[in-house]
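Student: Everything in the sequence shown is counted per this note's numbering, starting at 1 for the first residue and increasing by one.
Derived by calculation from the structure, the hints in this document are not laboratory data. Ideal Cβ placement from N, Cα and C applies to all residues, glycine included. Some hints could be false.
Below, computed lysine to any residue pairings styled on SDA-like, alpha-carbon distance capped at 20 Å [said to hold, decoys possible]:
#	residue 1	residue 2
1	Lys20	Ala96
2	Lys100	Ala80
3	Lys100	Pro151
4	Lys20	Val35
5	Lys100	Ala173
6	Lys100	Leu170
7	Lys100	Val21
8	Lys20	Pro88
9	Lys100	His16
10	Lys155	Glu176
11	Lys155	Ala96
12	Lys100	Pro46
13	Lys20	Arg191
So the derived label-pair ranges between C-beta atoms look like this [to be verified]:
#	residue 1	residue 2	range
14	Pro44	Arg22	15 to 23 Å
15	Glu115	Gly69	47 to 55 Å
16	Ala117	Pro3	37 to 45 Å
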Amino acid sequence: MSPRRFGGGRLVIASHNQGKVREIGDLLAPFGADVVSAATLGLPEPDETGVTFVENAELKARAAAAASGLPSLADDSGLAVAALGGAPGIFSARWAGPNKDFLAAMARIEAELGEQADRSARFVCVLSLAWPDGHCESFEGTVAGEIVWPPRGDKGFGYDPIFRPVGGTLTFAEIEPAAKHAISHRADAFRQLVAACFSPG
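Starting from the given sequences, assemble the full structure and let the hints guide the process.
Tutor: See below:
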């Protein structure tokens with residue numbers, strides 16, 4: 001069965017993370033989507049009870065679509081560190097605590113890695129596009145890299161300052177946003193989403 005396509009108009013970004021909303025809005029600009037965030041609409045954040053990125057993304061997208069009556073796009077993403085068994089993974093945001101203290105979360109990763117030689121990691125992003133009738137399409141993107149310490153750069157958000165992509169010399173927080181958009185896990189998922197569900201505006 002072919003994927004359902006987005007027909008234009010308002011699209012809810014099911015996130016209260018303004019960095020994430022801005023990044024998704026930039027990527028969607030060419031496709032005729034009038035983007036509005038869940039926070040702007042006053043939609044509550046559902047409990048992320050899934051055990052995978054896909055389950056959490058679909059849960060958030062469906063909740064926002066049902067509450068708003070509009071197509072909704074949700075992202076569930078995080079950092080998976082190989083030597084930590086894939087942690088923090090789906091708990092990436094929760095490691096930062098209620099105050100979103102990513103400096104503390106990054107320090108925790110460094111402390112738990114200790115003297116481990118394997119510092120490989122990957123960012124994972126699942127994008128789920130849901131409609132008010134419950135239909136949902138999901139796409140998973142990844143980018144491989146390694147953990148560096150200390151944190152470097154101030155252009156990104158979340159764990160970007162300690163993640164250096166494979167083949168690169170700069171962290172995600174040191175490169176320009178346009179360059180990050182071209183290679184990121186979100187960009188990978190986005191290419192799949194756009195090819196399946198969007199047409200240029």
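Student: With reference to the structure, classify each hint as holding or not holding.
Tutor: Each hint, compared with the structure:
1. Between Lys20 and Ala96 the CA atoms are separated by roughly 16 Å; this keeps the pair inside 20 Å, and the hint holds.
2. Taking the CA atoms of Lys100 and Ala80, the gap is about 18 Å. The hint holds against a cut of 20 Å.
3. Distance hint between Lys100 and Pro151 is fulfilled; the C-alpha atoms sit about 16 Å from each other, no more than 20 Å.
4. Between Lys20 and Val35, the direct Cα distance comes to roughly 12 Å. Compliance with the 20 Å bound is thereby established for this hinted pair.
5. Between Lys100 and Ala173, the direct Cα distance comes to roughly 17 Å. Compliance with the 20 Å bound is thereby established for this hinted pair.
6. Of the supplied pair hints, the one linking Lys100 and Leu170 is violated, its CA atoms being roughly 24 Å apart against a limit of 20 Å.
7. At roughly 16 Å between alpha-carbon atoms, Lys100 and Val21 fall within 20 Å of each other, so this suggested pair holds.
8. With a C-alpha separation of about 18 Å, the suggested pair Lys20 and Pro88 falls inside the 20 Å cut-off, and the hint holds.
9. Simply put, Lys100 and His16 have alpha-carbon atoms about 12 Å apart, close enough for the 20 Å limit, and the pair holds.
10. In summary, the hint linking Lys155 to Glu176 is supported, as the alpha carbons are separated by about 7 Å, within the 20 Å threshold.
11. A hinted pair counts as satisfied when its Cα atoms are at most 20 Å apart, and Lys155 with Ala96 qualifies at roughly 18 Å.
12. Straight-line distance between C-alpha atoms of Lys100 and Pro46 comes to about 17 Å, which keeps the hinted pair within the 20 Å bound.
13. A distance of roughly 16 Å separates the Cα atoms of Lys20 and Arg191; the hinted pair therefore holds under the 20 Å criterion.
14. The given range of 15 to 23 Å is respected by Pro44 and Arg22, whose C-beta atoms sit roughly 21 Å from each other.
15. Between Glu115 and Gly69 the beta carbon distance is about 53 Å. The supplied range of 47 to 55 Å therefore holds.
16. For Ala117 and Pro3, the Cβ-Cβ distance of about 42 Å falls inside the hinted range of 37 to 45 Å, so the restraint holds.
Hint compliance for this structure: hint 6 alone is broken.
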